[in-house]
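Visitor: In case you want the letters, here they are:
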Amino acid sequence: MSDLGFSFSLSQLWQVAGGQIILIIAGLVLIFVDLWLSRDEKTDHVVTMGWLTALSFLAALWYMTGPGWRLNEIVLVEVFSAEKFGLFVSAIVLMAGIFASLLSIGYLRNNQLGRSEYFILLVFAVYGTIAMVQSVDLLMMFIALEVMSLSVYVLAAFLKDDRKSQEGALKYFLLGSFGSAFFLFGVALLYGLTGTVNITKIAQLLAMGPLLENPGVLVALAMLMAGLFFKMALVPFHMWTPDVYEGSPAIITGFMATAVKAGAFGIFIKLLSVAFTPMLAYSGQPEFQSTVNLAAFAAYWKPLLWWLALITMFVGNLIAVSQRNVKRMLAYSSIAHAGYMVLGILAANDEGRMGVLFYLFAYTLMNMGAFGVLYILDGQEGKAQTLEDYHGLGFKYPTLSFLMSLFLVSMAGLPPTAGFIGKFYLFAAAIKEGYLLLAALGILTCVIGVYYYLRVIWMLYMVEPSHEVVAGRVGVISMVALIAAALGIMYFGILPDGLAQVANVAQQSLALVF
Amino acid sequence: MATLTHYIVLSSILFGLGTIGFLTRRNALILFMSIELMLNAVNLMLVAFSNFMGDMAGQVMVFFIFAVAAAEVAVGLAILIALFRHVREVDITRFNVLKW
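Going down the list, the sequences are from chains A and B. Here the first sequence is numbered in the working numbering, starting from 1 and rising by one per residue. Here the second sequence is numbered in the working numbering, starting from 1001 and rising by one per residue.
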């Protein structure tokens, strides 16, 4: 279709962005389905919308893991690339989306929230995240980041009558847009220095050498990083996280902690390993290695990540210990998990990147699961949220408590769960690069983590109930989703090799984005 | 004669003012304005780069950023109004049901 003035054909566009196209169409169709369904006010159409949303995510997931994954050459269409790294992260995001939409059916019903724009926003949030990780263009990344963020801000504010939800959403909005402004400033600086916003072209220009010594590039990198750290919720950019996670609807909290974080980690790795540490040098092309002093450049950002990983792991885990509210405790624990994943990025080797992908996958399963149980135990949003409410629930709700225990054990990183394997890969990668002290301190924080995760299980089974807590209705769909998450955690905890290999193929594809 | 450096310095100062405003003011609406100032500082920088490099891409980007900023304000003000219904206040230090 060269007559359109593009350098690619429509079939190439479909090959690269098929999953995104499916999601955009699904989002638009859902708006009309919603309009059409709401003419009949008597029936509750949350179930229909929830299923349609889950199906559209499933369709996109089919495309990305099927035809999209089999595509072996890297096709570039202006701003998107079809490398397997983006597809893998997209698959994680879609998986979080499927869990979120299925669990939301029960959630919206338990809380008598019949407004189905919820699902439309969810589709666009997932679309934004996927467009972000698949793009190779900084402007597109920014726009997709905003599509994702704006949808999630509204979702966070979804409980209209709950002041906490509004307050959390406003804090999220203010700090989120503040962070995006930094990201944008970094984009503008890079544009000025290189004349392009395409990360592959930026990588080629930086690989020539002289630009890497330009302080402007460092300022741009710092700005881009600061913007992304807000989304990744690393200490000290985490101030919004506990408030937003506590105030938001439980399922949306789970979605933010998994999909949004996966997206932010995805583009952070992509930026660092494609644009700023050109992987050309790694893929055995000696003509670049001689001109580029990558080690000297890495010496600027590696100490920064070293300290960020350390304080993120410590602050996340230590503050989580003192929390009485379970949702807020999980918020701090998600900060700690982000700290572990920074270890993998800091290692910047194959194992590290593979570990981050594996961990994101496992983390999505266990976190969506934990928030799924949390919403059911809550009953009505905000009724049962403190640790005291969990006293003795183990015998009253044996299945839910068992599932919750499994998810928490996985978060604590105990075998035989996927959480253990993920942590193992991350720490092994860090040790391989010689970050022994950091790895040792990180394992120390894991031990703190074990304490507060197991404390919840202790409360569930070993403490007499202090007062009556009535959990919400357990829908069949929610139960199926929770059991699927639990099985996934066990399966990838016992047989991690398959997923690890796929993750490895995915991270190696980053070297091909040129 | 204004050179590229002048524009970079000017937009950096504007961006810095936005940052300082965001960090020090307590009125949520002023915080919105500070964020807008930061985005517009970036716009100014993009236009300056674009003009001095003779490359149109930067000016096109500005339009995208305008659109994003408009969407951001729409969502942000809507959330602020929803919160205002509960609190009757736009001072962020009063939004303290959740600890900051």
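Some hints here could point you the wrong way.
What the hints assert, rightly or not - Once the Cα atoms are required to be at most 20 angstroms apart in a straight line, the calculated DMTMM-like pairs of lysine to aspartate or glutamate come out as:
| no. | chain 1 | residue 1 | chain 2 | residue 2 |
| --- | --- | --- | --- | --- |
| 1 | A | Lys160 | B | Glu1089 |
| 2 | A | Lys201 | A | Glu117 |
| 3 | A | Lys201 | A | Glu213 |
| 4 | A | Lys396 | A | Glu468 |
| 5 | A | Lys201 | B | Asp1055 |
| 6 | A | Lys164 | B | Glu1089 |
| 7 | A | Lys396 | A | Asp350 |
| 8 | A | Lys302 | A | Glu433 |
| 9 | A | Lys302 | A | Glu213 |
| 10 | A | Lys164 | B | Asp1055 |
| 11 | A | Lys302 | A | Asp350 |
| 12 | A | Lys160 | A | Glu213 |
In case anyone wonders, no lab produced these hints; they're calculated from the structure. Just so we're clear, the structure is a prediction, and the values are computed from it rather than from any experiment.
Visitor: Work down the list of hints and note, for each, if the structure agrees.
Guide: To see whether the hints hold, each was checked on the structure:
no. : hint                 : verdict
1   : A:Lys160 - B:Glu1089 : holds, 17 angstroms
2   : A:Lys201 - A:Glu117  : violated, 39 angstroms
3   : A:Lys201 - A:Glu213  : holds, 17 angstroms
4   : A:Lys396 - A:Glu468  : holds, 10 angstroms
5   : A:Lys201 - B:Asp1055 : holds, 15 angstroms
6   : A:Lys164 - B:Glu1089 : holds, 15 angstroms
7   : A:Lys396 - A:Asp350  : violated, 46 angstroms
8   : A:Lys302 - A:Glu433  : holds, 12 angstroms
9   : A:Lys302 - A:Glu213  : holds, 16 angstroms
10  : A:Lys164 - B:Asp1055 : violated, 47 angstroms
11  : A:Lys302 - A:Asp350  : holds, 16 angstroms
12  : A:Lys160 - A:Glu213  : violated, 51 angstroms
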